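Protein chains in written order, with the numbering used here: chain A, 1 to 161; chain B, 1001 to 1161.
Calculated from the structure, these hints are not laboratory results. Owing to the predicted nature of the structure, the values given are computational and were not obtained by experimental measurement. Each hint should be verified, as a subset may be incorrect.
Unchecked claim - Computed footprint of chain A on chain B; a stretch qualifies when at least three of its residues, placed anywhere within it, have a C-beta under 8 Å from a C-beta of chain A:
1. 1012 to 1025
2. 1076 to 1088
To be verified - Straight-line C-alpha distance at most 25 Å; calculated SDA-like pairs for lysine to any residue:
3. A:Lys118 - B:Ala1096
4. A:Lys92 - A:Gly60
5. B:Lys1046 - A:Phe64
Stated by the list, open to error - Which residues of chain A face chain B? A few of them, derived with a C-beta cut under 10 Å, are:
6. Gln9
7. Trp11
8. Leu47
9. Leu94
10. Asp108
From the three backbone atoms N, C-alpha and C, an ideal C-beta is built for every residue, glycine too.
Number of protein chains: 2
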Amino acid sequence: MEKPNEKGQCWLDPVSVTPRVGSIYPAPFGAPLAGREKRALGDALKLTQFGVNLVTLAPGSWSFQRHWHAKEDEFIYVLQGEVTLVTNAGQKTLTAGMAAGFPAGKADGHHLINQSDKPALYLEVGTRAVSEEAHCSDIDMIARKEGGRFVFTHKNGDPYP
Amino acid sequence: MEKPNEKGQCWLDPVSVTPRVGSIYPAPFGAPLAGREKRALGDALKLTQFGVNLVTLAPGSWSFQRHWHAKEDEFIYVLQGEVTLVTNAGQKTLTAGMAAGFPAGKADGHHLINQSDKPALYLEVGTRAVSEEAHCSDIDMIARKEGGRFVFTHKNGDPYP
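Extracted from the complex, chain A is given alone in its bound form (with noise of 0.2 Å):
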C-alpha cells in the first residue's frame, strides 16, 4: 500500500499507519497499556505542532497511567465504544461522539479505561512543547520530555532503570 507522504501526499487513510502497541513506561507500569494500539496521524503527515494519534484500546486496557501536563494542552475525542474517563472527580463514561479536554498546567490527573467488553478507539490531539513535564497522580513517576525524548524519574528525580 502507499504510505502517505511518499508523494507529498496531503491525506491517509489510517489503516495505511503502522501501529505502534503497548508503552515506554518503565515495568511494572506500562502492564495496564498492552491492549492499546496508537497510530500517528499527524507524524505521517508531516504535523510537528501538535500530535494526532489515532488509539484503539482493548477491552480492560488503560490509554496512560493517570497524569496531567505542564505544557501541553490534549484533547480526546470517542470515534467508538466507548471509554471511562478517571479524573479527580471520579469516573464519567465517555461514548461515541464525545469529546474531553484537558488544559496544560491543571494539576488534575486523567486517563481513559475502556471498562466495556468492545474495543473502543478515539483520537487524542497533544501539543508538542519543547520540554514537558507529565505528572502521574497515582503512582510515583514524572515523564520528563528533553530534546523530544522522554525520561521517566521517580517524584524526587531518582531515574528509572
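Fit chain B to the supplied structure of chain A, relying on the hints for placement.
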C-alpha cells in the same frame, strides 16, 4: 442543559455547544460557506494552544476558501459522510475515517467541499499561533491574524471594506 466547564468539567457532549453558522469573510467570499456549522469544542474545554472544531458541512457547502497557513499546522478527520479535498494536486474524496494534514508554510492551498447529497461531519484542529497569515489560492485575499482577530486584505495589503 449544563454547559461544559461550568464546574470545571473537562468533558462535553458536542450538542451542548452552540454552533456558529457561516463565515466572517468579506462579501462575496463567504457565500459558499453558508452551509457550514462549526462547534468550537476546544474553546468550550478551555484549550488555548490549538483549536478543535466539530464541523457540519451541508451538501454543496465549502469549509473555507482554498488557503494555506504560514505558521499554523492544520489537521482534519472525517467522521460522517464524505468531503472532497481540493489542493494543487486536484480533487480527492475523503470518506469517514480518513484524515488530512497541512503543515505550516507549505504553499499548497486546500479546502473541503461537500459534493455529496448528505451532510458531512468532520473534526478540524489548528495550532493557535499569536500571529498568522492565511493565503487564499483562488481569490485575491489574505487573512491576517493580529492580536487574536482576523483582518482581511487584498494580496497587495489593501484592506477589504
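Evaluation of the interface hint that places A:Asp108 against chain B, nearest CB under 10 Å: holds, 7 Å
message: Run the distance test for B:Lys1046 versus A:Phe64: straight-line Cα separation, threshold 25 Å.
response: holds, 22 Å
query: Do the numbers back the hint for A:Leu47, that is, is its least Cβ distance to chain B under 10 Å?
result: holds, 5 Å
- prompt: Are A:Lys118 and B:Ala1096 close enough, with their CA atoms no more than 25 Å apart?
  reply: It holds: about 20 Å lies between the C-alpha atoms, which stays within 25 Å.
- prompt: Is A:Lys92 close enough to A:Gly60, meaning Cα to Cα at most 25 Å?
  reply: holds, 16 Å
Annotated coverage of the stretch 1076 to 1088 of chain B by chain A, confirmed only when three residues or more have a Cβ within 8 Å: Our answer is that it holds, as 4 residues pass the Cβ test (under 8 Å) against chain A, meeting three.
field: Stated coverage of the stretch 1012 to 1025 of chain B by chain A [criterion: 3+ residues, CB within 8 Å]
entry: holds (count 3)
message: Holds or violated: the hint that A:Leu94 contacts chain B, with Cβ atoms closer than 10 Å.
response: Interface hint status for A:Leu94: holds (6 Å vs cutoff 10 Å).
query: Can the hint on A:Trp11 be confirmed by a CB-to-CB distance to chain B that is less than 10 Å?
result: At about 4 Å, which falls below the 10 Å cut-off, the nearest Cβ of chain B leaves the hint on A:Trp11 intact, so it holds.
message: Checking hints one by one. Is A:Gln9 an interface residue toward chain B, by the C-beta closer than 10 Å rule?
response: holds, 8 Å
Hint check: no violations occur; every hint is consistent with the structure.
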